[in-house]
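Chemist: Spelled out, the chains give:
Protein chains: 2
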Amino acid sequence: MKEPKSLFLAEDALGIVTDLYQLSMAAGYFGQQMHDVATFELFVRNLPKNRSYLIVAGLEQALHYLTHITFSSEAIRFLKRLPVFNRVGQEFFEYLKNFTFSGDVYAMPEGTIAFADEPMIRVTAPLIEAQIAETYLLSTINFQTSIATKASRVVYAAQGREVVDFGTRRAHGPQAGVLAARSCFIGGCRGTSNVFAACKLDIPAVGTVAHSWVMAFENETDSFRKFHEVFPDNTILLIDTYDTLAGARHAAMIGRKLKGVRIDSGNLPKLSREVRRILDAEGLQHVRIVASGDLNEDRIDDLVRSGAPIDSFGVGTDMVTSKDAPALGGVYKLVEQEHDGKVIPKMKFSEDKLTYPCKKQVYRITDKGDNFVNDVIGSENEDVGGIPLLIPVIKTGKICYNLPAVHEIRRSTSKNLAHLPEPYKRLTNAEIYPVTKSMKLEEKRIEAEKMLRGINVPLGKS
Amino acid sequence: MKEPKSLFLAEDALGIVTDLYQLSMAAGYFGQQMHDVATFELFVRNLPKNRSYLIVAGLEQALHYLTHITFSSEAIRFLKRLPVFNRVGQEFFEYLKNFTFSGDVYAMPEGTIAFADEPMIRVTAPLIEAQIAETYLLSTINFQTSIATKASRVVYAAQGREVVDFGTRRAHGPQAGVLAARSCFIGGCRGTSNVFAACKLDIPAVGTVAHSWVMAFENETDSFRKFHEVFPDNTILLIDTYDTLAGARHAAMIGRKLKGVRIDSGNLPKLSREVRRILDAEGLQHVRIVASGDLNEDRIDDLVRSGAPIDSFGVGTDMVTSKDAPALGGVYKLVEQEHDGKVIPKMKFSEDKLTYPCKKQVYRITDKGDNFVNDVIGSENEDVGGIPLLIPVIKTGKICYNLPAVHEIRRSTSKNLAHLPEPYKRLTNAEIYPVTKSMKLEEKRIEAEKMLRGINVPLGKS
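In the order they appear, the protein sequences are chains A and B. Here my numbering is used: the first residue of the first sequence is 73, the next is one more, and so on. Here my numbering is used: the first residue of the second sequence is 73, the next is one more, and so on.
Calculated from the structure, these hints are not laboratory results. One or more hints might be untrue.
When chains are identical, the list treats them as one kind, so a pair holds in a single copy or across two.
As the list claims (entries may be wrong) - Within a straight-line C-alpha distance of at most 16 Å, the following computed EDC-like cross-link-like pairs (lysine to aspartate or glutamate) qualify:
hint, residue 1, residue 2
1, K169, E83
2, K121, D396
3, K497, D373
4, K169, D84
Just chain A, same shape as in the assembly:
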């Protein structure tokens, strides 16, 4: 009988966790002896729907990847069998066997606020190494950035009330649930229900009780009493299994030691008020009300504005899938190449997919109160004022950056958001934060485009 496969990623196979064309191009560069040092930049062309900024996340896992790319012998055997490699010589596979990433990487630290067109990661390495890394870097940064951004909106809507991540069951697989838990924490959540994530990241594990607990006993009162017996100091009860208000009364019977109740369905503004009234009438003003069930930033915003007496929001599906904008369209583009000691600018100008050439830096201009005023995307080491956001994180293949704990990243996010003026972070109709390109960069683009068009479109634009 065939054993079921986990399909888990494994550290010794990271080399092939990529698109086939990265490896065929690698074989091509190898065959053509193209070992030029190239620079690629990872950025987002347009912010997704309903987003006015991005919270950069995923760098730690990207750095893990870059420092662990290897090709197992199983992987190499598989590649050799692929028809596309039938004319590729043995030397290439020998090269893969000894592959390590040896390049330099600049990146925005996690928790940085980024905007469209701004490089979040810049990789400078021999062409093959930089090329192979594209797929994994994109999926890591795209996903975590997308979720940290969404979470920050949910936390913003909650206006200081607690938000926790309950989303693993709806994440894109169990592994995505773990990465989402990390990103939600970075975005400002207080904790996660995902125990594995809490354990690995040393962040708060949170949770209450499910309907099945209530249903597993003969009646609700019994189920509440028994829960309290086992968890006398942590009695948070789910009260909507049969009838929410009856549930509130049953929960109140626990008395002073009751810590909280959770409502997971129904008309939350109305139910939370009535439940609060029932609890208060029993002198249980200290008992917290947790709300959950298909929440997102808009529903939380409505609840908060309506004055619903909710102390904590358990948010799942919408947050961990970034449901209203479930994919971040990050791209990774070649911007320059060193050939025979000469730097050659690279760009592409296919319809609506123009890219800017050359190594870039993002400069953030702030006012006296450190509030963000505008960003300038310029060349590396250009003097346009402002704080350069890309910092060195890998030097010749080795991490040269003190990786912060997620707690620290969460604080950076919060601090950065505090410095982003209100109009740029409104949930709807936010203003567009000003990002411009430096004069020098525009000149470089015009020059490079002229040169490349001359060579590649001899018949003029058709």
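With chain A held as given, fit chain B onto it using these hints.
Modeler: Frame of chain A; chain B shown alone:
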């Protein structure tokens, strides 16, 4: 310096890849000596937006999980430190140390077509075991089912033209890319660009070449020629880096050995026609045109209807994130419990979240041509005619089912879809496939609800 964490799932820690409340309820059941055998069912209450059916997927990874749930000593140490467990006795942690799943599982085989309310998986096990499994089972089945379903729509739109998965870079992390590749294949794609997935699943790895290859050479013609040198039998060229029609002419210079060209941007109906004309004028009728770039079932449907001469569609973002419906709302509900040799039906009737009690089976009624007519959700072993869709896959903790290869699952999907009449699979305005509950099941619900309301809502519905 801190080492970067991969956060990869590990086989020895699967026990804590779950929501905290599953483990606190487990401690509660343990403390209350509730070792009743319980049955939970996994189903979707409502089909997502734009979906008229589901393609079940993810069972193999669910079975891997159920046969590998363990708690490492690191995991147990972490749990002991959590405040919520401060009054939980040592016996519970001893129990976890020796934990294995010992229950029975029925499931719809992967590739089965399912509808709302139909149990896709049914778990019967001691309460604690069945409870702990909820989160992981849901995230596994929710995600893969969601993507296999989306992929089947994309393949349907392509009307026999090839569809391949190019999505890893936009999936929810690199692991989600691997699971998406599997689900897309099940849904009918011919292959994936994800090499790791292709290797582990033994399915076709596909790919062409990226803009960076074209940009890495001094000019496009040179880049094409050099690619052909390395891959003389697999020359598929990307022609839209600078100017698509100039690109087509440069590609045509390769001559008879050219295998295909890819267009990744611009007006595809117009460009594909003009590119076809350029190729045909050079006698290159055999050269295939591959299209990519933000494709989904609707855009492919338009392209196919407009007669665009495209032979293969590379689909990414929209397919691997199921972008228009990025979360499947699967739930996992307690439906019955054996207590002192008596079977007690369980259900919940909170507002808009009613569940049906008792172990169920799904019966598919077909006509003489094996076409699907309607489904009946009934009790287990009920005689309502039709084919029972849930089959035993785990018996007392051991797999009792011949796991099919993904190739076989892909064929089942295709066969099942062929038997689902056209009106139920139209991309838009599909008819609703008839699914009813058996009389017997309705009776059981009424009886159980009466009994439970009597006990739990003594003051009447408030």
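Chemist: None of the hints should be skipped; say for each whether it holds.
Modeler: Comparing the hints with the structure gives:
no.	hint	result
1	K169 - E83	within (14 Å within a copy, 26 Å between copies)
2	K121 - D396	both (7 Å within a copy, 13 Å between copies)
3	K497 - D373	within (13 Å within a copy, 38 Å between copies)
4	K169 - D84	within (11 Å within a copy, 28 Å between copies)
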